[in-house]
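With the sequence shown counted from 1, adding 1034 to any position gets you the numbering used here.
Accuracy of the hints is not assured; some may be wrong.
[Said to hold, decoys possible] Straight-line C-alpha distance at most 30 Å; calculated DSSO-like pairs for lysine-lysine: (1) K1210 x K1230; (2) K1095 x K1162; (3) K1140 x K1095; (4) K1140 x K1282; (5) K1221 x K1282; (6) K1140 x K1221; (7) K1095 x K1210; (8) K1282 x K1095; (9) K1140 x K1162; (10) K1210 x K1231; (11) K1151 x K1140; (12) K1221 x K1231; (13) K1210 x K1221; (14) K1149 x K1162; (15) K1162 x K1151.
[What the hints assert, rightly or not] Pair by pair, the computed Cβ-Cβ distance ranges are: (16) S1132 x P1261: 17 to 23 Å; (17) Q1139 x L1214: 29 to 35 Å; (18) L1111 x R1234: 47 to 53 Å; (19) A1285 x D1177: 20 to 26 Å; (20) N1109 x P1261: 47 to 53 Å; (21) E1136 x G1108: 23 to 29 Å.
Derived by calculation from the structure, the hints in this document are not laboratory data.
From the three backbone atoms N, C-alpha and C, an ideal C-beta is built for every residue, glycine too.
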Amino acid sequence: MEVQPTRRELLKEFMLGGVLTAIGVGSLIAYAEASAKPSANAQPKHQNPIAPTPRQTYTRKDCIDAIIQIESGGNPLATRWEEHLGEYSYGLGEILGSTAREIEQKYPQLPRLGKTKLELESNLFNPKINRAYTEAHYDDQYDLYQDPFLAVAGYNAGHFMPRNARTMQQLGMLFKQHVLPNGNFSKNRRARTLLKKFQRENHLDVDGIMGPQSYETLQVAWTRRFPTSQNIFAIIPENGTTPHHVEKFRAALTQIVQNREHYA
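With the hints as extra help, turn the sequences into a complete structure.
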């Protein structure tokens, strides 16, 4: 059985609500740790409808602040029951308990969360600890997608969901069938059926999992079929919640940048 790949890829473009947009190397919209300035000669390929205006710049801190704003409203004791996941999320960044444990194991330099559920909850209600875990969770998404909006989509929907949503779109194009690209093969019967068909035709393990072999083979097949089209890496999953979540992030991020520039 294939497992999800861990390799990191740069994203050139992303999609929201069917609108294709691009953030290229020469984009006027700067993402930087410090106060980076946009290049005077750079021009975006397309207007980006969910990013701040071209003259605005934003930092990693701005992105984390925007996530906290839309997740908890800045309430360090926020708790939310995630019905579709069957568990609670906690604190400033509304971090799932299971996600927090994964981050804790991955990054030993972060504060420990304790052994019991009560200790976990107590530590995630600590704003400094929760922010550190929120930053780590966001950074994991950004490392893969190289774009803050897709990073937030991964933060909301699941790490590989934006990439998987794109592969669903590709399968639909290859087989000339409409597929709702929600990113979740386990909850998308048509996409899973097409994936198994693709795996069977290409002599892969027919398991309905978009693992590394299936992914690489799909990219080759798609590029061969559409040689003049740019093969983007990921899109915003169309799952009924994530596009709205990304839009709220955009609005919060824009307001944060505008407020800083107003009082500068």
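Here's how the hints hold up against the structure:
1. Taken as a hint, the K1210 and K1230 pair is honoured in the structure, with Cα atoms around 15 Å apart against an allowance of 30 Å.
2. A C-alpha spacing of about 14 Å is found between K1095 and K1162, which places the hinted pair at or below 30 Å, so the restraint holds.
3. The suggested pairing of K1140 with K1095 holds, with an alpha-carbon distance near 22 Å, which does not exceed 30 Å.
4. A C-alpha spacing of about 29 Å is found between K1140 and K1282, which places the hinted pair at or below 30 Å, so the restraint holds.
5. Restraint check for K1221 and K1282: satisfied, since their Cα atoms lie roughly 25 Å apart, inside the 30 Å limit.
6. About 28 Å separates the Cα atoms of K1140 and K1221, which keeps this hinted pair within 30 Å; it holds.
7. The suggested pairing of K1095 with K1210 is violated, with an alpha-carbon distance near 43 Å, which exceeds 30 Å.
8. Proximity of K1282 to K1095 is assessed by CA-CA distance (about 17 Å); at most 30 Å being required, the pair is judged to hold.
9. A distance of roughly 18 Å separates the Cα atoms of K1140 and K1162; the hinted pair therefore holds under the 30 Å criterion.
10. As the CA atoms of K1210 and K1231 are separated by approximately 13 Å, the hinted pair is consistent with the 30 Å bound.
11. Only pairs whose Cα atoms come within 30 Å are accepted, and K1151 paired with K1140 is accepted, the gap being roughly 19 Å.
12. Distance check on the hinted pair: K1221 and K1231 sit about 17 Å apart at the alpha-carbon level, within 30 Å; holds.
13. Restraint check for K1210 and K1221: the C-alpha separation of about 20 Å stays at or below 30 Å, so the hint holds.
14. Taken as a hint, the K1149 and K1162 pair is honoured in the structure, with Cα atoms around 19 Å apart against an allowance of 30 Å.
15. Restraint check for K1162 and K1151: the C-alpha separation of about 19 Å stays at or below 30 Å, so the hint holds.
16. Checked against the given bound of 17 to 23 Å, the beta carbons of S1132 and P1261, roughly 42 Å apart, lie outside it.
17. As the Cβ distance of Q1139 to L1214 is approximately 34 Å, the hint placing it in 29 to 35 Å holds.
18. For the pair L1111 and R1234, the beta carbons lie near 51 Å from each other, so the given range of 47 to 53 Å is met.
19. Between A1285 and D1177 the beta carbon distance is about 25 Å. The supplied range of 20 to 26 Å therefore holds.
20. Distance hint check: the CB atoms of N1109 and P1261 are about 51 Å apart, consistent with the given range 47 to 53 Å.
21. At roughly 25 Å, the beta-carbon separation of E1136 and G1108 lies within the given 23 to 29 Å, and the hint holds.
The structure fails to meet hints 7, 16 from the earlier list, while all remaining hints are met.
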